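Student: Line order of the protein sequences matches chains R and G. Quick note, the first sequence lines up with residues 1 to 305 if you use full-length UniProt numbering. Quick note, the second sequence lines up with residues 1 to 305 if you use full-length UniProt numbering.
Everything labelled a hint here was simulated from the structure, so no lab data went into it. You may find that some hints are simply not true.
Note that the list lumps identical chains together, so a pair holds whenever it fits in one copy or between two copies.
[Said to hold, decoys possible] Pairs of lysine to any residue residues, derived as SDA-like cross-links and limited to a Cα-Cα distance of at most 25 Å, are as follows:
| # | residue 1 | residue 2 |
| --- | --- | --- |
| 1 | Lys25 | Ala290 |
| 2 | Lys25 | Gly44 |
| 3 | Lys57 | Asp272 |
| 4 | Lys140 | Val286 |
| 5 | Lys140 | Gly270 |
| 6 | Lys25 | Ala66 |
| 7 | Lys25 | Arg300 |
All of these numbers come straight from a predicted model, not from anything done at the bench.
2 protein chains.
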Amino acid sequence: MTGATTTAAVRIVEVGPRDGLQNEKQPVPAATKIELIERLAACGLPVVEATSFVSPKWVPQMADAAEVLAGLRRRAGVAYPVLVPNLQGLERARAAGAEVIAVFIAASDAFNRRNINATTDEALQRLTPVVAEAIRAGLKVRAYVSTVLGCPYQGAVAPAEVVRLVRALADLGCYEISLGDTIGVGTPGRARALFRACADAVGTARLALHFHDTYGQALANVYACLEEGARVVDASVAGLGGCPYAQGASGNLATEDLVYMLHGLGIDTGVDLDRLVETGRWISAVLGRAPASRLGRIERRVTCV
Amino acid sequence: MTGATTTAAVRIVEVGPRDGLQNEKQPVPAATKIELIERLAACGLPVVEATSFVSPKWVPQMADAAEVLAGLRRRAGVAYPVLVPNLQGLERARAAGAEVIAVFIAASDAFNRRNINATTDEALQRLTPVVAEAIRAGLKVRAYVSTVLGCPYQGAVAPAEVVRLVRALADLGCYEISLGDTIGVGTPGRARALFRACADAVGTARLALHFHDTYGQALANVYACLEEGARVVDASVAGLGGCPYAQGASGNLATEDLVYMLHGLGIDTGVDLDRLVETGRWISAVLGRAPASRLGRIERRVTCV
């Protein structure tokens with residue numbers, strides 16, 4: 001073991017406004033969502049997932065997707081991906097001015113069946129024309145693979161199945177594939193082994209980490225994968241959100257805690273941590289709760305380096 | 001990077017009954033403390049820190065130290081260290097049947113001054129006859145060095161100062177020296193570098209990790225240090241406790257979350273995780289709060305391996 005972590009920059013993909021807010025039961029006004037996205041971009045986050053063009057019947061909280069995306073003052077150099085489940089969603093996203101979309105699939109048959117009533121292969125078939133059409137139209141496509149380290153319905157998920165999907169999504173032209181530990185069951189050894197297997201298939205630069213902190217393992221898993229060359233990490237300001245379809249799945253990794261670790265490792269993120277903590281406290285107050293991040297709960301940070 | 005974590009066993013030092021309970025404002029009955037210690041030992045934990053023979057004026061919660069220690073049905077093969085601040089405490093501990101004591105010192109002058117009104121060198125001088133007398137009497141002595149990665153009063157702490165203390169404590173005959181990140185500010189790179197420096201001085205086998213989760217970094221720090229050969233880790237069931245003298249210092253690493261990570265890494269601990277989670281829920285309920293561990297909050301764990 002050398003213990004060396006390179007100082008190459010890590011790109012953080014902020015998913016709070018979409019992945020975080022989508023499960024809020026009380027409607028959040030579009031103006032608040034827009035303010036959140038703009039504040040996050042102003043913190044220096046290079047990618048802020050803005051909203052989701054899923055059917056409002058599935059996720060009522062995201063019914064204002066077009067309004068949010070259109071109302072946004074976009075910053076140069078910041079990407080604002082939007083989630084898209086199908087061709088209809090893609091059309092709505094394009095009409096609203098989306099430049100980057102994100103598609104999703106689970107690595108578990110049981111999860112795909114419960115979530116979208118399809119086998120994994122059927123899910124891949126459905127997603128294929130969406131990606132193709134988006135790319136044809138000049139959009140960039142990100143892909144989420146969920147349940148990569150375990151499924152709430154079937155338990156174990158074979159790493160080979162994850163690798164197969166990652167390769168297929170890369171072949172379709174997705175510029176980035178995010179590995180989602182949807183229920184947060186992964187531990188560092190399995191996380192890094194899976195990352196390495198996927199990196200062997202498509203390269204490290206094409207992969208993102210999307211770890212949940214349900215079992216408290218998210219940061220340790222990120223750290224282990226950094227050692228394997230991971231350079232893109234998804235996180236949610238104030239730890240907002242979780243997965244609505246997965247029992248016990250709560251606790252997105254909080255962006256503040258991730259940034260604190262990365263900066264402590266000497267890894268540049270471009271993010272202003274003080275401003276990010278303030279943003280996390282603000283949105284938490286708006287939602288009427290304490291921040292789920294650790295950093296957001298510390299009254300006075302101590303500088304010890 | 002090989003990513004290999006050896007499968008050598010890790011010894012967990014459970015500190016909940018002492019480090020955890022000492023800050024409880026409401027008195028906890030001795031019978032409850034005894035039940036907690038006995039339950040923890042029954043989970044398979046090899047070391048359960050039982051109580052503290054500090055002055056009841058300083059820590060009223062530990063005024064029943066002798067009663068707790070004497071009332072305990074000890075399990076064969078389990079050690080029950082007790083904290084001892086001075087010769088008077090040592091005498092009380094011996095009289096109550098202690099076989100292992102723990103002494104403490106901070107690596108920061110500012111912290112020692114505020115905590116015990118002494119410089120670090122004076123603190124070391126005060127501690128020296130306590131360790132000598134304990135060893136002469138046939139007791140084993142563990143030592144805590146606190147603020148090893150940062151001090152709430154002075155900020156940065158020089159790694160060389162930590163190494164100096166670790167070496168001094170080893171020379172005095174302490175069988176184990178626990179490296180305490182009292183305020184939880186450490187990140188994995190600094191944690192592993194400090195561990196390595198200390199291990200170069202006294203060997204890995206003589207060191208324990210004592211990380212707080214205040215900044216959410218504790219498990220990542222443990223993981224990084226495991227890669228450097230760390231094999232003893234302190235943790236507190238249900239995340240009980242923190243440091244009463246350090247502003248913002250809360251959040252002991254929860255034993256449940258640590259055990260989950262270690263078992264996920266294929267590292268044996270001897271601990272029955274289900275029973276431990278149950279114990280953490282029980283003591284949290286007794287104290288009238290939700291467990292601070294992540295595992296304790298999960299309704300139904302999903303087995304994914």
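Student: Now tell me if each hint is right for this structure.
Tutor: Hint-by-hint comparison with the structure:
| no. | hint | result |
| --- | --- | --- |
| 1 | Lys25 - Ala290 | both (16 Å within a copy, 23 Å between copies) |
| 2 | Lys25 - Gly44 | neither (29 Å within a copy, 42 Å between copies) |
| 3 | Lys57 - Asp272 | neither (37 Å within a copy, 44 Å between copies) |
| 4 | Lys140 - Val286 | neither (32 Å within a copy, 54 Å between copies) |
| 5 | Lys140 - Gly270 | within (22 Å within a copy, 49 Å between copies) |
| 6 | Lys25 - Ala66 | within (20 Å within a copy, 52 Å between copies) |
| 7 | Lys25 - Arg300 | between (32 Å within a copy, 23 Å between copies) |
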